Amino acid sequence: MANIFLRSPFFLTITTGSHLSAKLELTLDSTLRYTIIKNATSNRTVFEISSLARDYYEPDYNTLDTVAISATWYAYDAVDGGGSQLATATVTHTGFEGYSDFWEGVAGNDIDPNDYELTNTGDSSIIYLPDSTASFAYDMNSGTATKATISTSASSVAATSGNYTWTIERICSAKYTPILMRFINKNGVPQDQYFFLKSSKKIATKSENFKKNIFNYSSSNYDAKDHQKQTFNKNGSYRYTLNTDYISEAYVAVMQDILLSEYVWIYTSGGTSLTEGDYRPVNVVSNSLIWKSSLNEKLIQYTLEVEDANDYINNIV
Numbered sequence: 001m002a003n004i005f006l007r008s009p010f011f012l013t014i015t016t017g018s019h020l021s022a023k024l025e026l027t028l029d030s031t032l033r034y035t036i037i038k039n040a041t042s043n044r045t046v047f048e049i050s051s052l053a054r055d056y057y058e059p060d061y062n063t064l065d066t067v068a069i070s071a072t073w074y075a076y077d078a079v080d081g082g083g084s085q086l087a088t089a090t091v092t093h094t095g096f097e098g099y100s101d102f103w104e105g106v107a108g109n110d111i112d113p114n115d116y117e118l119t120n121t122g123d124s125s126i127i128y129l130p131d132s133t134a135s136f137a138y139d140m141n142s143g144t145a146t147k148a149t150i151s152t153s154a155s156s157v158a159a160t161s162g163n164y165t166w167t168i169e170r171i172c173s174a175k176y177t178p179i180l181m182r183f184i185n186k187n188g189v190p191q192d193q194y195f196f197l198k199s200s201k202k203i204a205t206k207s208e209n210f211k212k213n214i215f216n217y218s219s220s221n222y223d224a225k226d227h228q229k230q231t232f233n234k235n236g237s238y239r240y241t242l243n244t245d246y247i248s249e250a251y252v253a254v255m256q257d258i259l260l261s262e263y264v265w266i267y268t269s270g271g272t273s274l275t276e277g278d279y280r281p282v283n284v285v286s287n288s289l290i291w292k293s294s295l296n297e298k299l300i301q302y303t304l305e306v307e308d309a310n311d312y313i314n315n316i317v
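In this note's numbering, the protein residues as written are 1 to 317.
It is worth saying that the hints were derived from the structure and are not from the lab. Since no wrong hints were added, every one of them can be taken at face value.
Only pairs whose alpha carbons sit at most 20 Å apart, straight line, appear in this in silico SDA-like list of lysine to any residue:
(1) LYS198 - GLU307
(2) LYS202 - ASN243
(3) LYS201 - LEU180
Simulated DEER-style distance windows between Cβ atoms:
(4) TYR267 - ILE316: 13 to 23 Å
(5) ASP55 - ASN315: 18 to 28 Å
(6) THR41 - TYR61: 41 to 51 Å
(7) SER294 - LYS229: 52 to 62 Å
These numbers were taken from a predicted model, which means no experiment stands behind them. Glycine included, every Cβ here is placed at the ideal spot set by N, Cα and C.
Let the sequences and hints guide you as you build the complete structure.
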């Protein structure tokens, strides 16, 4: 059994001395979803399974969702799954909505079951939180992703694996209300990132236009108050500019992680000018990031822009 990333390829390879084809039965979350037959090349058949399993990932801002994968393969001595069955085996995996880096190669898509910091801190082991605020962090322990609870007063929290400790740095933001961003990080687990400095909100609109005929043939005239250039399909969405506090140089890895995440939410307490007191799905508009260092910038701070992942006017159909 392995813990694998669903945003990077994971290959199931069947190698025998004589098989000419193979069949894969892929069961995801206890339901048979795919049956695939492939012919062998030099008695070797390769199936890529993570992209298939990812179709059944259900993102949730509040809980860790994974995909239970069970892959049973059969090898045959004729093409197209014909002839006699030569061998069979079943392997099981747990799929996380994460990814490995290109330069890690194929071997990078296999999470260490006993020592893996699933919460990304850029290897700094620092988590930034407002005063009197609870949170959480994940690590891999005995093959299972385990959630460690951070209390409202904690200054540190030990990973369940016992291999490291996160330091909790409390930041007092008397002037601005901290903005909480929650995102699915590169390891496929929910993670919180607070933006403590000035944040702003604006609305961006979009529309289509056409030139309308306003000429009245019955009077050979037109009404100057009519719209000759007519707008339609007008809608908009809120955009937010968020600013971190001054953070560790290592946190560039977390900012990069946010830019590469496909599932992001923001939350603030009700009554602020930024949002209305609930988790809001957003898309990250910022598409580039300058790596900052203490040597060049002295104090390191980042700005990100995000946009509501829905139109302002309800147009669900």
